[in-house]
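Student: Adding 99 to a residue's 1-based position in the sequence shown gives its number in the numbering used here.
Since the hints were made in silico from the structure, they are not lab data.
None of the values given here were measured: they were computed from a predicted structure.
From the three backbone atoms N, C-alpha and C, an ideal C-beta is built for every residue, glycine too.
Take these hints with a grain of salt, some might be off.
[Stated by the list, open to error] Simulated pairs of lysine to any residue, SDA-like, Cα-Cα distance not exceeding 20 angstroms:
| hint | residue 1 | residue 2 |
| --- | --- | --- |
| 1 | K193 | V153 |
| 2 | K296 | N155 |
| 3 | K296 | F191 |
| 4 | K274 | V159 |
| 5 | K179 | S126 |
| 6 | K213 | K238 |
| 7 | K238 | F208 |
| 8 | K273 | F154 |
| 9 | K265 | P251 |
| 10 | K255 | E165 |
| 11 | K140 | A115 |
| 12 | K298 | T282 |
| 13 | K273 | K229 |
| 14 | K140 | D289 |
| 15 | K219 | P251 |
| 16 | K290 | K179 |
| 17 | K193 | P207 |
| 18 | K149 | K273 |
| 19 | K117 | F208 |
| 20 | K117 | K265 |
| 21 | K184 | K229 |
| 22 | K261 | K169 |
| 23 | K265 | K184 |
| 24 | K179 | K149 |
| 25 | K140 | V159 |
| 26 | K219 | K184 |
| 27 | K169 | F191 |
| 28 | K179 | H216 |
| 29 | K273 | H216 |
| 30 | K120 | K297 |
| 31 | K140 | S126 |
| 32 | K229 | E148 |
[What the hints assert, rightly or not] Have a look at the derived ranges for each label pair, beta carbon to beta carbon:
| hint | residue 1 | residue 2 | range |
| --- | --- | --- | --- |
| 33 | T116 | E203 | 20 to 28 angstroms |
| 34 | P207 | L295 | 36 to 44 angstroms |
| 35 | I200 | E132 | 18 to 26 angstroms |
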Amino acid sequence: MKLEQLDYHIQENLIATKPIKPRDESSLVTVNEGFEIIKFKEIINQLNEKDTLVFNNTKVINAHLEGKIKKRNVSVNLNKLIDKKKTIWSAFLKSNKKPIINEEISFPFDLQAKIVHIFKNNNTNFFHLKFNCNLENLKSILCTYGKTPLPPYIKKIRRINKNDLKDYQTIFAKKEGAVAAPTASLHFSDKLFAELKKK
100 MKLEQLDYHI QENLIATKPI KPRDESSLVT VNEGFEIIKF KEIINQLNEK
150 DTLVFNNTKV INAHLEGKIK KRNVSVNLNK LIDKKKTIWS AFLKSNKKPI
200 INEEISFPFD LQAKIVHIFK NNNTNFFHLK FNCNLENLKS ILCTYGKTPL
250 PPYIKKIRRI NKNDLKDYQT IFAKKEGAVA APTASLHFSD KLFAELKKK
């Protein structure tokens, strides 16, 4: 089977660009002998006392940055921390000209990143960026200057806004470091979580 066989077209107006409020009012498809569409909050009726739920408590960081290589704009999406001591991250870069090894990206707050390695995986270019500060300082700058790393299908439709970091954070997010939300977990509300604990 080819990956292209799984592609399908969907109208943009059918794509949600922000979570429904309250979160647990979203739809959920249940499959037994047939299938049924219910409200996500009704998941509690699908679970038994001895069932186990495993939650990902990762916390999304502001992993999207806008910088410049010389005078041209470059969009940076941090993907994975490669070297904690040297503050090297794997990242996706978007620019009108392909970035090359040893080019430097300049950001506000005197932040800079040097491209130290480029490799391709599944026709996607990945760039290893070495930042000019330690990891703690970089985290602080990301909190102030970075933006929420929205999924590409949403960024095609609208711009990033100030509500996104809250909207794309789960209610049980604790451990910082994720560059994308565990999206299925976004449907849990505080009320539903409390009810699940009781059950």
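Student: Verify the proposed pairing of K273 with F154, using a straight-line Cα cut of 20 angstroms.
Tutor: With Cα atoms ~11 angstroms apart, K273 and F154 stay inside 20 angstroms; holds.
Student: If you draw a straight line from the CA of K265 to the CA of P251, is it 20 angstroms or shorter?
Tutor: holds (18 angstroms)
Student: Taking the CB of T116 and the CB of E203, does the distance hold inside 20 to 28 angstroms?
Tutor: violated (34 angstroms)
Student: Below or equal to 20 angstroms on CA atoms is what counts here, so check K179 against K149.
Tutor: violated (36 angstroms)
Student: Would you check the hint for K140 and V159, treating anything up to 20 angstroms between C-alpha atoms as holding?
Tutor: violated (24 angstroms)
Student: For the pair supplied as a hint, K255 and E165, confirm whether the alpha-carbon distance does not exceed 20 angstroms.
Tutor: holds (16 angstroms)
Student: Would you mind confirming whether the straight-line C-alpha gap from K149 to K273 stays at or under 20 angstroms?
Tutor: Outside the cut-off at roughly 26 angstroms; violated.
Student: Has the given pair, K238 with F208, been kept, meaning a C-alpha gap of at most 20 angstroms?
Tutor: Roughly 13 angstroms separates the two Cα atoms, so the pair holds.
Student: Hey, K274 versus V159, does the alpha-carbon distance stay inside 20 angstroms?
Tutor: holds (8 angstroms)
Student: Are the Cα atoms of K229 and E148 separated by 20 angstroms or less?
Tutor: Violated: K229 and E148 sit about 49 angstroms apart, past 20 angstroms.
Student: For K298 and T282, compute the direct alpha-carbon distance and say whether it is at most 20 angstroms.
Tutor: Violated, at about 24 angstroms.
Student: Are I200 and E132 spaced within 18 to 26 angstroms by their CB atoms?
Tutor: violated (57 angstroms)
Consistency note: the structure conflicts with the earlier hints numbered 1, 3, 5, 12, 13, 16, 18, 19, 22, 23, 24, 25, 26, 29, 30, 32, 33 and 35.
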